[in-house]
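J.: Sequence:
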Amino acid sequence: EEILRRHWKDFENAEVDSPPDTRTYNAVLSVYAKGNTTEYSFYNTCRIVEEMWDFYNENADGQIKPNRKTMTHQLSVLANQKDITMEASQKADDIVKQMWKWSKEGDKDLAPNFSVYNVLLRVW
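Anchor point for the sequence shown: position 106 equals 108 in the numbering used here, and the numbering is continuous, going up by one each time.
Source of the hints: derived by calculation from the structure; they are not laboratory data. Quick reminder that beta carbons are idealized off the backbone N, C-alpha and C, glycines included. Incorrect hints may appear among the rest.
[Claimed, not checked] Distance ranges between label pairs, derived from CB positions:
| # | residue 1 | residue 2 | range |
| --- | --- | --- | --- |
| 1 | 18 | 92 | 10 to 20 Å |
| 2 | 4 | 37 | 10 to 20 Å |
| 3 | 18 | 91 | 34 to 44 Å |
| 4 | 120 | 61 | 10 to 20 Å |
| 5 | 92 | 52 | 12 to 22 Å |
| 6 | 92 | 117 | 16 to 26 Å |
| 7 | 100 | 60 | 30 to 40 Å |
| 8 | 5 | 63 | 13 to 23 Å |
| 9 | 19 | 126 | 39 to 49 Å |
[What the hints assert, rightly or not] Subject to a maximum C-alpha distance of 20 Å in a straight line, what follows is the list of computed SDA-like cross-link-like pairs (lysine to any residue):
| # | residue 1 | residue 2 |
| --- | --- | --- |
| 10 | 103 | 119 |
| 11 | 71 | 49 |
| 12 | 103 | 85 |
| 13 | 67 | 20 |
| 14 | 106 | 58 |
| 15 | 110 | 54 |
| 16 | 93 | 122 |
| 17 | 106 | 119 |
Make the full structure from the sequences, and use the hints.
T.: This is the structure in structure tokens:
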């Protein structure tokens with residue numbers, strides 16, 4: 003997460019030309035999604051995704067917007083926990099249900115696909 007904060011600071015100080023974008027945020031999320039993860043890892047990804055949504059809702063320029071890859075990384079954090087609990091499985095279900103809701107509201111970039119369901123199956 004520190005890399006995101008540093009990138010924002012560098013942008014605000016005009017040391018870089020552009021702020022972090024969706025790819026930058028997804029790269030950070032992918033680090034959390036790798037290896038053995040914990041409930042703390044999931045909490046961190048929730049904060050990052052919430053920050054992305056907040057930025058998107060405030061700016062709506064599309065530069066930072068959660069997409070299917072964002073949500074797949076978040077699901078992967080749950081799937082890679084050493085001991086997957088029923089609570090983690092429920093959280094994963096909730097994420098996929100929310101993705102379908104957004105998709106039905108017109109955001110096709112968030113429609114679950116094969117990769118999403120593959121990760122969901124690993125959580126269950």
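J.: State for each hint whether it applies.
T.: Status of the hints after comparison with the structure:
no. : hint                 : result
1   : 18 / 92: 10 to 20 Å  : violated, 40 Å
2   : 4 / 37: 10 to 20 Å   : holds, 18 Å
3   : 18 / 91: 34 to 44 Å  : holds, 40 Å
4   : 120 / 61: 10 to 20 Å : violated, 32 Å
5   : 92 / 52: 12 to 22 Å  : holds, 19 Å
6   : 92 / 117: 16 to 26 Å : holds, 20 Å
7   : 100 / 60: 30 to 40 Å : violated, 20 Å
8   : 5 / 63: 13 to 23 Å   : holds, 21 Å
9   : 19 / 126: 39 to 49 Å : holds, 44 Å
10  : 103 / 119            : holds, 16 Å
11  : 71 / 49              : holds, 16 Å
12  : 103 / 85             : violated, 29 Å
13  : 67 / 20              : holds, 15 Å
14  : 106 / 58             : holds, 19 Å
15  : 110 / 54             : holds, 17 Å
16  : 93 / 122             : holds, 10 Å
17  : 106 / 119            : holds, 17 Å
Consistency with the previously given hints fails for numbers 1, 4, 7 and 12, ordered from lowest to highest.
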